[in-house]
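So the sequences go chain by chain: X and D.
Here the first sequence stands for residues 8 to 252, where the numbers follow the numbering used here.
Here the second sequence stands for residues 2 to 164, where the numbers follow the numbering used here.
These are computed hints drawn from the structure, not numbers from a lab.
Quick reminder that beta carbons are idealized off the backbone N, C-alpha and C, glycines included.
Possibly wrong hints are sitting among the right ones.
FRET-style restraints, in silico, Cβ to Cβ [to be verified]:
#1 R69(X) to A115(D): 53 to 59 Å
#2 A157(D) to R115(X): 31 to 37 Å
#3 E140(D) to S25(X): 49 to 55 Å
Each computed BS3-like pair below joins lysine-lysine, with the alpha-carbon atoms no more than 30 Å apart [stated by the list, open to error]:
#4 K54(X) to K74(X)
#5 K54(X) to K162(D)
#6 K54(X) to K7(D)
#7 K3(D) to K160(D)
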Amino acid sequence: MILHLIGRIGVDGARYQSLEFTGDGVANLSMDDRFTIANMAIEAGAKNGIFPVDEQTLAYLREHGAKPPRVYAADPDAEYTRTVDIDLGALEPTVAFPHLPSNTRPVREAGDVAIDQVVIGSCTNGRISDMRIAAEVLRGHTVAERVRAIVIPATQRIWLQALEEGLLKVFAEAGCVVSPPTCGPCLGGHMGILAQGERCVATTNRNFVGRMGHVKSEVYLASPAVAAASAIAGRITAPETIIGE
Amino acid sequence: MKAKGKAFKYGDNVDTDVIIPARYLNTPDASELAGHCMEDIDDSFTARVQPGDILVAGRNFGCGSSREHAPLAIKESGIACVIAESFARIFYRNALNIALPILECPAAVRAISAADEVSVDLETGEIVNHTTGQTFRAEPFPPFMMELIAAGGLVAYLKGKKA
């Protein structure tokens, strides 16, 4: 969803502004989904990505031991620079091609892009629901022979939860490497540095020139489901191809 | 505060990963960082740049990672001022925090070519392209921001206030 939006408004489409997400669709998004969207709002140049506080938000705060919050809401007559409508029901899995997060297209139109590496996780898409989605796709499958698949839960707590739910076993059996929480390959730090000419499908937040290693390597941004499916197929692939419609 | 030098010209969305690639972030040494500044989009930059030169770029300069190393590397490379059509927010803040002068001026960006002789006057916001004879006016910084830049950045500025 957020890649679709960045594709529409550009990497400076919300520069020095706030992106406020409202509507029926938002109410049905999990906190994890909202975190991913808020995380990526920055890639549209925004100062922040914000959501109305609802029962889900309050439950999350209670669960994480936060003090009862003071709740702010947008005024009913608030003025917005711009409104963008997105029909979540009509959204297709989206991938951002090199070398800008706004260089998006539906996975269906990605063409035949063979890949060398997949990175699932990071601050952008490394929450427990992301781990569950990736495991759902990977369960009973094997990562393509030429692909390195690296799974990075965002925090130690999520790592443990994934262990307890048996997700790490699913990843290991599929042939993935499970990393401790780290920025790691996202910024070309360590473990998963791309060599010249290599391509990676990553659920991270940026795909600039040289971001994950060599100047002549390429990063394609996508959701955990698309990344997991692509790891199995060895090329950019929609999850429906692996798990059926 | 005035500067005069040759222009280095780049396009839109110059991101911090190309300004200073992450593989060099394991050092806080500004001169070491400057030695790799811009190398992923212009591998001759560090060899050609001279103190006082001006970096000119399009929209959303400095987008991406919040690394402070990006403005540090540019400043230490000798660049006296960055002129862009617009700046990414975090880069804008980082640049001022470490006292790298930056100006927004789309008209000047469009009219300056690589290697043009350019001067800037930060007090007035005046930008002169000496190669073509054209003059432009950017919004100058308010006095307190000029003080901050003159002090060498936010930390030095606040220390000076405390003393």
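Now for the hints, and whether the structure bears them out:
At about 58 Å, the beta-carbon gap between R69(X) and A115(D) stays in the expected band of 53 to 59 Å. Between A157(D) and R115(X) the Cβ separation comes to about 54 Å, which falls outside the hinted range of 31 to 37 Å. Taking 49 to 55 Å as the suggested C-beta distance range, the pair E140(D) and S25(X) does not conform, at roughly 23 Å. Taking the CA atoms of K54(X) and K74(X), the gap is near 25 Å; set against the 30 Å cutoff, the hint holds.
Straight-line distance between C-alpha atoms of K54(X) and K162(D) comes to about 28 Å, which keeps the hinted pair within the 30 Å bound. Pair hint K54(X) plus K7(D) does not hold up; C-alpha atoms about 33 Å apart against a cutoff of 30 Å. Taking the CA atoms of K3(D) and K160(D), the gap is about 25 Å. The hint holds against a cut of 30 Å.
Checked against the numbered hints given earlier, the structure breaks hints 2, 3 and 6 and satisfies all the rest.
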